[in-house]
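Peer 1: Here are the chains, one letter per residue:
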Amino acid sequence: MSETKVEDGKITEYMGKRVFSFMRWRKLAAALSILAIVASIAALAMNGLKFGLDFTGGTQVEVGYEIAPQIEEVRGQLVDAGYEGATVVRFGSDNELLIKLPPEVTEKQTQTSARDEDATQSIGDKVVTVLRQNSDGDVDLRRVEVVGPQIGEELRDDGGLGMLFALAVVMGYVALRFQYKFSIGAVAALIHDVILVLGFFALLQLDFDLTVLAAVLAVIGYSLNDTIVVADRIRENFRKVRKAESEEIIDISLSQTLGRTLMTSLTTLLVLFALQFFGGELIHNFSLALVVGVLVGTYSSIYVSANILMALGITKEDLMPPVKEGAELEEMP
Amino acid sequence: MNRYPIWKYLLILIVVALGFLYAAPNLYKPDPAVQISGQSSAMEIGESVLEEAQEALDEAGIEYFGGEVGEKAVLLRLDSVEDQLPAKRVIQESLGHSDYVVALNLASTTPEWLADLGASPMKLGLDLAGGVHFLMEVDTATIVRTNMEGYVQDVKAKLRAADARYRSVQLEDDREIVARFRTGELRNKAVSTMRKEFPELQITEAGRGDNLEVRATLSEQEVKQLEDYAVTQNLTTLRNRVNELGVAEPIVQRQGRNRIVVELPGVQDTAEAKRIIGKTANLEYRMEARPDTLVTNKEYFEYRNEQQRQAYGGAWLERKVIIKGDRVTNARVGYDESGLPQVNITLDARGGELMHRATWKNVGRRMGTLFIESRFEPETVVDDQGNETVVQKRTDVKKIISLATVQSALGRQFRITGLDSAAEAQELALLLRAGALAAPMYFVEERVIGPSLGADNIQVGVKSVQIGLLAVLVFMLLFYRVFGLAANIALAVNLVLLVAVMSILGATLTLPGIAGIVLTVGMAVDANVLIFSRIREELRNGMPPQTAISAGFDNAYSTIVDANITTLIVAVILYAIGSGPVQGFAVTLSIGILTSMFSAIMGTRALINLFYGGRRVQKLWI
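So the protein lines, in turn, are chains Y and S.
Going letter by letter, the first sequence gives residues 27 to 359 in the working numbering.
Going letter by letter, the second sequence gives residues 389 to 1010 in the working numbering.
Please keep in mind that the hints were generated in silico from the structure rather than gathered at the bench.
Treat the hints loosely; a few may be bogus.
Claimed, not checked - Derived, one-sided and incomplete: chain S residues facing chain Y with beta-carbon distance under 10 Å:
| hint | residue |
| --- | --- |
| 1 | Val-520 |
| 2 | Lys-851 |
| 3 | Ile-855 |
| 4 | Val-860 |
| 5 | Val-909 |
| 6 | Ser-967 |
Note that this is a predicted model, so its numbers are computed, not measured.
Glycine is no exception: its CB is placed at the ideal position from the N, C-alpha and C atoms.
In isolation and in its complexed conformation, chain Y is listed as follows (with noise of 0.2 Å):
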């Protein structure tokens, strides 16, 4: 069994598959990661993350009409009916709209005790009336949300907190499982996704509201899945190949798994377009950021957690069975 192939004192194939170098390319992998880093941060700097309702705190109300209608229009008659400030944009179709009314309304509803007659009245009726009036078709209400600015600020906090939580907890599994460089790969590869998920939401100013948080959190997911498979092929080549840079067995290890990361991830990416193009308006933003996690994640997983190994120096001897360490102990005298 022809199990190596060497040219020019590199691998080029073993056990019967190519191998790319993937790592020959490393510096210039890690050199795009941090500009698109540094390029995230800007945007999160300069932009900030155009917080959705979910967080921000507001009104907005959606309403569908049987006749397309002018935007211009129907911001008029809301100005007219006293909503000053209230800003209408298409939501979807032509036929449906998104109207946000200014703060004012939202405090009113909000912090007037419920026994008040002001807070007991239903915003999105007094909306769908004023539009009824003004419009030849029937106008239909679809969704009201009212959230008051304490419940944003405390989800802001929560969604932060349950990140960071998320992180430390995978670290903490990953240093247990495998040993701390990987872990601190893994967490770097991830932190590297998270930041260029929020970099691109903030660059393209779209809603993050709480389904895109939970989307962020679920990339989380899905990159440590794609890290931890590679991981684990790494270390075992680690174990298994005998004459062998540290350099070419992650060579080896990331062209075993490739097909496999490309795979899942194109299976992801198909299903993402599912929601994307038929899941409705209210999961766009939430199958986006899965799309661009998905991508980004898969380019980690190659590039950012093994450049990450390489450049801690993992060698052999951080891996071997840890079972040798507590035996050696229990020689000790």
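Given chain Y's structure and the hints, the job is docking chain S onto it.
Peer 2: Okay, now just chain S, sitting in the frame of chain Y:
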């Protein structure tokens, strides 16, 4: 090689069969229905009610079928959703508003043998079913303040009685009582009095010279108890009020330290819902009228309790209201020295003052407690353009729940004795509490999902699952052929199991939950992809087919477990920190991970073993 023992096949078969069984109820579309129940839970709802409702529907020409008499309610199924509102209206009109609640409902069409096995369909979240969601915040600071205000009055009284002359007793920062004294002697006397009378207060000394202070606060634990009490009390009150709305399956739940979630599926009239939820003060305390009181100054009320009404009928009470229910902060069942049941009532500070003023010169007279129930009856109003709109007209029904002799001047705390049984005391305490919100509430979040949007969401959700699934199935088949087929069968089984587990757990399906299912479909094949690429690798290394299959499954196993456990960790954290939509997503994702591990590892292996196991295989179709 590659053969499973027969018990393993059996195990898989049983699990899959159970999966199909418990997922099955989701295939049966529920019928639109109206549900009739009694205003009070004690009421008997029987055949006669059903017949009356059916007659009303016949008269209005509304098609119905399958009337059922349940334990507490009657259910009538209708042909179409559009008929629900008119049906509700005609039945309510024919039965009258005072005794019956008619609500819209969806009646399960799950066959009886399935229902007997405990199988039921998944619940649909508001974003799929339509309805309103409120998040209420209980203003717990207020209850602490009113409680402390009450203490200020009590402390003053006790200090006066103990002859510990104070310069002032005040409330600072809404939560600390500060009593000031001129001399150390007075202060010592005050401290010992307060320690004895109010053991629950934490007392410290401060100040110097002739400005000596005693500071008293409630311990953190007491404050928390007060807050807990306020929230639970508001919760109970809300439940009662929501029942008035006649919603089929309302959710009223505590969330976190001081919030309450109210979800009313199918309700569209938010203004009405908010009015009922937010209303207060449905108790009134009044003195019994003297025989010589002028008719213009008194009113006649009936007893609320059936037995009392038959025994005494009712009583004349003064028109003047002493206090209303919003002054009641607590009502609890207790027992007196001889073990007889009583109800201990606590009022807030202002309520105590008013009660004292009204009762100190009326010892020996009787005081009545009125319970007010609001009923909303639809009324058709015609506006100037001739359009008919239905508005809800409110009527209050007031009935006596207690009429007791005033034994002495009453204050902030008093008790009602002379009750016949513990059960009566229990009910009275409940009614007294139900009358009031312990602390004010705010609507901090309000979401309304129209029925059309809900239906649209279900449609897009189902469509994206179908398309995503189809894409993955085709893809896997093209790439892995026979093995792809096995993976596809496992994937389909995985979906069935996921739905079954969610149905069994009674989990609620939401739109993000559907997104979680779609994502699971994409990621569930990962385990198979891992295994198959291992098998291909081993084949390339020249391993014979059977050994390659076995090695592929074995080698991939630990990778799959590691990768899934980490994803599961993330999903669990998502559930813990998230609310609403995030949790829905986390639930489907975690269940999906678990079921996919079963179906992708055991299920696929079983199929592959069936195809290839124990045979001479030259070439694998992979």
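Peer 1: Any hints from earlier that this structure breaks? Give me their numbers in increasing order, please.
Peer 2: No numbers; nothing is violated.
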